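Q: Please model the complete structure; the sequences and the hints are all you need to start from.
These protein sequence lines map, in sequence, to chains U, S and Y. Under numbering that gives the first Met the number 0, the first residue of the first sequence is numbered 0, with each subsequent residue one higher. Under numbering that gives the first Met the number 0, the first residue of the second sequence is numbered 0, with each subsequent residue one higher. Under numbering that gives the first Met the number 0, the first residue of the third sequence is numbered 0, with each subsequent residue one higher.
Just so you know, not all the hints are guaranteed correct.
[Said to hold, decoys possible] Examples of chain Y residues lying across from chain S (beta carbon under 7 Å, computed):
{"no.": "1", "residue": "103"}
{"no.": "2", "residue": "192"}
{"no.": "3", "residue": "197"}
{"no.": "4", "residue": "200"}
{"no.": "5", "residue": "277"}
{"no.": "6", "residue": "283"}
Hints are computed from structural coordinates only; laboratory data are not their basis. Treat the numbers as computed from the prediction; the structure is a model and nothing was measured. Quick reminder that beta carbons are idealized off the backbone N, C-alpha and C, glycines included.
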Amino acid sequence: MAAVLRSLWNNRTARAGLLIVGLFLLAISVGGALMPYSATDMDFVNLLMPPDWTHPFGTDSFGRDVLTRVLLGGRVSLAISVIGVALAAMIGIPAGLAAAWYGGWIDQLLMRFADLLFAFPSFVLALFLMVVLGFGVTNVMLAITLVYVPIFARLTRNLALTVREEAYVQAARLMGQSTARILGREILPNIMAPIMVQASISIAFGVIIEAGLSFLGLGVQPPTPSLGVIMADGREYFNQGPWVLTLTGLFISFGLLGLNLLGDGLRDLTDPKLRERTTS
Amino acid sequence: MAESNKPLIAVANLVVSFAQSGGGAFRAVDDVSLTIAPGEVLGIVGESGSGKTTLAKTILRLYKPASGTLIFDGRDIGTLGEGALRPIRRQMQMVFQDPLSSFNPRVRIDDAVALPLRLHGRGSADEISCKVSALLSQVGLGPQFIGRYPHEMSGGQLQRVAIARALAVEPRLIVADEAVSKLDVSVRAQILNLLRDVQASTGVALLFITHDLRVARYLCDRIGVMFFGRLVEIGATEDVFARPRHPYTRALLSTLDDDGGELAALEPPAPASSGGCRYRSRCPIAKVDCAQHRPELQPSTDGKQQVACPYALSS
Amino acid sequence: MSAAVVNEAPLLMVRNLSTRFRMGSVDMMAVRGIDLEIQRREVLGIIGESGSGKSVTGLSLLGLLPAHATVTADHLSFAGRELLPLGEEDFRRLRGTHLAMVFQDPVGAFNPAKSIGWHLDRIIARAATREDRQGIDLTQSAHRWLTDVGIAHPERILPLYPHQLSGGMLQRTLIALSAALQPDLLIADEPTTNLDNIVERQIIGLFRRLKDKLGSAIIFITHDISLAVGLCDRIAVMYAGEIVETGPAEVLFKSPTHPYTAGLIETSRQLDERVGRLKEIPGELPSGLHRPDGCLFAPRCGYVTDACRTSPPPNVTLAPNHSVRCIRHG
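A: Here it is in structure tokens:
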């Protein structure tokens, strides 16, 4: 792990991403605890105060400190997205591998199913699932999973197809390696790089999906903060207190930027051929 | 060249076909029959599209034949499923044309050689480690290469590792598919010498696929010539080179002469669906009959070669 | 092989050409101080293995290298005109009219959205404007050039698109295109490596005709010395970025002077007899990053002495047309 972090540091893109994401993660994990306020303490004296030293992000319509809410809300949003995407990867990647290896009806079945899901814009799909399953945090996670399973499946399948005909895969077959081993040891490691980039992008957008759903009141329910909930509030009284929506939005963008940079850096680094060049 | 009653490989009427995008099937290997004796070095020469690589890969069961029989050591392996094939797999190995793409880029080369040993349970971790060192040194690579990744080695060095990997589980047949074509000329001699040494010391049979006639002549005991999926001539190397019978073999061999005159523009081969001999569109001795009957391999008049042309059996 | 006209000034003259690639913080010398000349109606072969710098040389001559490459030379002149100071616009005009190149992989040379006929028509028309425009029957010309590269039914090929042709057919078509340009200088980089033996024969024949009929000069880059000897008037042998020997083809073939040239010829010749064991050139090419002090070939040379390892060997002129970079002849 130390070696990986060191290599990441040497790559400029990854370094920037690492710093931003590191800061972000630090902020949302301990920031909430460091703040003198809680996410739910209401202070009716200081309603809708613009940002100042005591409240760097100002206060909202209930007098709650916005920065605290954003930090804790960030944690909630990110956790939801990460779990949803992880589940999607755990289902989608093996499905894609199977489709690429066996071809035939397995491939057809999986790809038609993915096509079906692709027909809907991701947010609409998520919305649809919420309507069917009901509101709440777990269902937001499942919605994110549903949106991303076909993406991981298709990406994995296409990548695996290119690698399947490589000589070293044929050599593995000739050696008598089992199919599972070939998929897991020969093919998957050599296609992980784009998948990891996809994962980081997915987590980033998962946060947006969650924010959107919570914004509409379908996801995380108040008073639990999530970035979407805070933004929903902020939109309500935008004229009186524009800082809530704006600063929360900026906070999200910052985190997403870091994730994207990190994803790019990770991709560069998982290629053993490039590894030589970036560290020399 | 052991004279054995039982051939190691016996291929009869083998057909390998692939589905075509526009519908219909394309026969990469079109009714080919041949045998490989234990310890023999058989060369298959042909140009691109001849089906020689497909034939080799089908013998290794990387592809499944559409029809015909494929017998390995007395056992019919043409129709076996992957599970049943697995224990037989270690007896046939392959050395590929491009050494770099024949290795998983993330696996160290000593691990790559150890893998078949581990898969077939050839000893404890220490024993395997020892065997890997011995194999690498057998192909001329010292201990300084242990721990290296494929991209850190040259083409020639990697091809040696490929040979070591193929030898690891003591196969009875090694298929070398254009094994020296992508290597530099100055390295080719090294690898050819190595293949020869390895073959002599282990007695493994070698199926050598190439388009380079001179390399085939150097290495092989017998040579088969393929043209668009058909085996048109097969015989002992000296005989095929001294007295090529089939018009295609003659055309190929004429390229070895320094000043073979210019050849006329090449007609594409006659379509497979029309029946008859596919070479007739280019053949200098084609007769009307050639469009009606597809020629089968027959012995030449001196009995030395098999030739798929009724008009070229003697000269 | 007709003799080159030696009294004229050379069509291409290169003195002390070097090409450097900047990779991160390191500089890699791909080509080091090479001299070349070629006359009209001459075929010069550049022989080398991978890492010899032969392809980079070809690209350097035509200014086709990427931005992180630097080409320097005392002289690099074509038809009396220095090429290095030329801007990209002027260079581009020269390329595609007087200078042409055939690459090993033909795919990139074609516009995937246009038919083969379209490509040929443009080239034939462009070549014709330099001479006379009248009476050029584009289709007939196109047919003729395609037949010259061994394509039996050119009328079937003209309407097709590049992706519909096999690798071999595409390469032959590219060679036809380059020939149709009727360039003054054609650089062919491994043009027949991916082609079958029989087709290769025809291409060599075509190059010969190009030289004789059109008076083109051809630089033929290949790793196959026996192929070069059959086609080229003179041959330059490259090793690790340097030219180690230059001379007439028959001289190099019958009595090579540099040990590396001798090794290559020997390897090629041996396969003609079924000898017991092939004579090897031991070792491998040096990596491009670390340049040893002495002769680059020293680690693999059968005649190496201590002096070889300490200082780079001089370039010795053995005869007006024949030079070798080896201490044994200095």
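Q: Determine for every hint whether it applies to the structure shown.
A: Do the hints match the structure? See the list:
Evaluation of the residue 103 of chain Y hint against chain S yields a violated restraint, the C-beta minimum of about 13 Å exceeding 7 Å. Evaluation of the residue 192 of chain Y hint against chain S yields a violated restraint, the C-beta minimum of about 9 Å exceeding 7 Å. A cut of 7 Å between beta carbons decides the hint on residue 197 of chain Y: the least distance to chain S is about 6 Å, and the hint holds. At its closest, the beta carbon of residue 200 of chain Y sits 5 Å from a beta carbon of chain S; the interface hint therefore holds under the 7 Å criterion.
The interface hint given for residue 277 of chain Y holds, since its Cβ lies 4 Å from the closest Cβ of chain S, which is under the 7 Å cut-off. The interface hint given for residue 283 of chain Y holds, since its Cβ lies 5 Å from the closest Cβ of chain S, which is under the 7 Å cut-off.
In summary, the numbered hints that this structure violates are 1, 2.
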